[in-house]
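A.B. asks: These protein sequence lines are chains F and U, in that order. With the first letter of the first sequence counted as 1, position 581 gets the number 581 in the working numbering; the numbers rise by one all the way through. Adding 1000 to a residue's 1-based position in the second sequence gives its number in the working numbering.
If you are wondering where the hints come from, they were derived from the structure by calculation, not from laboratory data. C-beta: ideal position from N, C-alpha, C; glycine also. Careful, some of the hints might be misleading.
[To be verified] Simulated restraints on C-beta separations:
id	chain 1	residue 1	chain 2	residue 2	range
1	F	F607	U	A1097	56 to 62 Å
2	F	E489	U	P1040	47 to 53 Å
3	F	F607	U	Q1081	55 to 61 Å
4	U	F1074	F	L319	27 to 33 Å
5	F	V256	U	L1045	19 to 25 Å
6	F	M273	U	F1074	56 to 62 Å
[Stated by the list, open to error] With a cut-off of at most 20 Å between alpha-carbon atoms, the simulated SDA-like pairs for lysine to any residue come out as follows:
id	chain 1	residue 1	chain 2	residue 2
7	F	K323	U	W1010
8	F	K241	F	V581
9	F	K323	U	A1185
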Amino acid sequence: MTNNPQESGDPAGPEVGESFDPPAIRRGPYPEFTWTAVFIGWAIGALIAVSIGYAALILGFAIEGSELAAILGWGLLRGVLRRTSIVENNINQTIASSVNGASSGIMFSVPALFILSRTQGLESVADFNVPLMILACITGSVLGLAFVIPLRKQMIDFDRLAYPGGIAVATILKSPGAGVRKAVLLLGGALLSGLVHLLVLYFMGDHSDWHAGAAFGLPSLLNISLYLSVMTIGVGFLSGKGGFWFGAGGFVCYFVLSPLLSGFAGPEIAGMMSAEGEVVQGLVDQPSKMRAVIYKPLGIGMLVGAAIGGIVAAFPLILSAMKSMHSASKQVGGDIKNDEMPIRLLYGAIGLGALMMICIAYTSVENLSLGRAAAMALLGTLWVWIAGVIVAECVGRTNWSPLSGMTLIAVTILILIAKGGVDNPETIVCSMLMGAAICLAISQASDMMLDLKSGYLVGAIPRRQQLAQFAGVWLGPVIVIGLMIVLNEQYEIGSDKLPAPQAQALADVTQGILDDNVPAYRYTAGAGLGLLLAVSGLGGIGVLIALGFYMPFAIALTYTIGNCLRIAADKLKGAKWSHEVGIPIAAGMIVGEALVGVGNAFWNVIFADSEAAETAMQQSAVVVQTISMGL
Amino acid sequence: MKIIGQLLMWSGFLGGAFCAVLRTGPPEGAASESGWSTIPWGWYLFSVGVGVVGVILLRLAAAKDKQDDGMTEFEYSTVQQSLEEVSTVVARLCSQAVSDPRVIVSVIDNECVEPLADFANARQALVKRFGMTIYADVMTEFASAERFLNRAWSAAADGYVDEVETCLNRANSHLASARQIIGAADLQAG
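Use the sequences and the hints to build the structure in full.
C.D. replies: If you want it as structure tokens, here you go:
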């Protein structure tokens, strides 16, 4: 770790470029991976993980914590502790978001066990081994990181994926040195998006889609709705023309396929006229149902096919990246060697992680054979790699992560392997335990790549960031699983007070898989289509079009507005203007809406049911306190 | 050939997607009640096959483009020019002692960001001209140089002058390596 530098005076240099407070001249090493950053990172990460994890159980979605961590770190490190290093705050942010990565991963998967335990015959599934679950989540996180770190070069250095969230974080981190003008632009974007989001929440509540098609009398099957989110426009702006195919995927669904289906499909999809002359609506006229039943499963399959095709197509680049890491680790001394984490260490982590996964699967329930446990662990490990690549690429190109879809496939594979060998409760326990590990692995993989992008933009040393991410992965599972158990004891997860909608969905799907009700045929057909696009040579369109099938069209449409604005800005005002003015505003748009979203979540939690929230907050505080004392 | 390839690929994709979403369950009178009979696989495979023919045509067209493409020449000269431009600026910064970090911030913002972006936008010319391996080697050096310039910017904004000097020297050496690799590849290509 670097030491604190010596400061020497405050020279008044000539005013060059934008005006900002002249920095003091400092000698010595530049603070980056310091104990201050580590402890502040853990503290902020724990705070965000508890807060967002709790909100996720009530609201049903997790909130991206990177921007929040960067802002809190900025305030604490710069404001309170008077620290003076952009890259130190970047390490703090990396650790905090690594701790928080557990909240989205665990809250989507583990609570499903509590929900399923209320079904007759499955009561025992809630009695899972808690330390083993924590170990599984930590192992999964390590595996996810070990798989994705070697892809840094390919995704960030070679493909130069945008990672809009990473750009937003980097813009916050750089704001102390970027000059007053950029800070004002960032703040302006944040205020605009925060204000618009407040208005949307006030007037429309959680239903933030504007059904523009209906307002103009257009057919409902075209599904022309706009997601009223300035943040989404900002994300589209940051992605630029590279993200255009995401919207195109949505247009294929609702402007090509749905109209064709209304003419040629059967009555269940196209609708019909009843004998009494009444119009019976088909699925195409109910776009959200159409998406859930048809387009989303096809999109999941396409994502898988496109990712596998993408890996094959990018294999020479992946090979070059690995070779470069090998040659770097062979160098004796030198700076280059210290830039990257040793590749052999990562191979070791993967091997050890896979072995741990076998042990965890084998010991998770009494009657699982070693063969099935090994099959579950090895297929799960392979899936971590594929899904990690998919999610990292989706987040890199659009800022949206198909984490739930990837976890659903993982749980499906795991249940199908376990099902023949043990009874239903044991099948659920071992599959969910491995599924939670995989969910965490995928979540950490995408968070790592996003952080590495922001690190690239502020000039962080990748190896230090990777170490920082590893330093944070152990804490999240401990805190979030502890929080979840306490909350379940108090309120019952799945009850009206803690509905946990995402975990409820996973529990329903799990039941469906046990009853052999999986749309594997749709996944397979989608995989073929994704593979076709991936090998077309048109870089990245497979994943983007697949994501257009998977996500609500309203989001894709609003995102496309951002893409169009970027194309127009580059053309009319020039690329420099987009960099100097457009990007800080767009980054601010992400930050403002994210902060209002977090604030609104807490407002709802506290004021919607004050008694429940108060007790729950107290319980969360007790968990954090207990964990801190344990440390 | 390119247009026909595009037409076939997209027709195949749309045809396959249409087959995949045509029904919600097995058709009436299907031999099997299994969910797999929901999709008319014969038509699906035919459509995907059409798409594959389109992809093959696109690949052939792309290979032909590589040989006689004026655009590649233009992009390649952009790559060389922008690399030269940023190297000159960084070499100039390396030759002077850092007395005022604000100057470094300003020079990187005003003189380096644009050529770096130009290089990145035109980088595919390297794949077309030299193949994936040389592309990866050049991008490894270029990305390292850009990262060290970003670090020099951060260190300068925070006032850490020793770090600024180290980072500028590192960026300079990575840029020199990138130019060397391109130069050697050019010589080899004749």
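A.B. asks: Does each hint fit the structure? Answer for all of them.
C.D. replies: So, going through the hints one by one against the coordinates:
About 59 Å separates the C-beta atoms of F607 of chain F and A1097 of chain U, a value consistent with the hinted range of 56 to 62 Å. For the pair E489 of chain F and P1040 of chain U, the supplied restraint of 47 to 53 Å holds, since their beta-carbon distance comes to about 52 Å. Between F607 of chain F and Q1081 of chain U the beta carbon distance is about 60 Å. The supplied range of 55 to 61 Å therefore holds. The supplied range of 27 to 33 Å is met by F1074 of chain U and L319 of chain F, whose beta-carbon atoms lie about 30 Å from each other.
Between V256 of chain F and L1045 of chain U the beta carbons are some 20 Å apart, a value that agrees with the proposed interval 19 to 25 Å. Against the hinted window of 56 to 62 Å, the Cβ-Cβ separation of M273 of chain F and F1074 of chain U comes to about 59 Å, which satisfies the hint. Taking the CA atoms of K323 of chain F and W1010 of chain U, the gap is about 36 Å. The hint is violated against a cut of 20 Å. Of the supplied pair hints, the one linking K241 of chain F and V581 of chain F holds, its CA atoms being roughly 18 Å apart against a limit of 20 Å.
As the CA atoms of K323 of chain F and A1185 of chain U are separated by approximately 19 Å, the hinted pair is consistent with the 20 Å bound.
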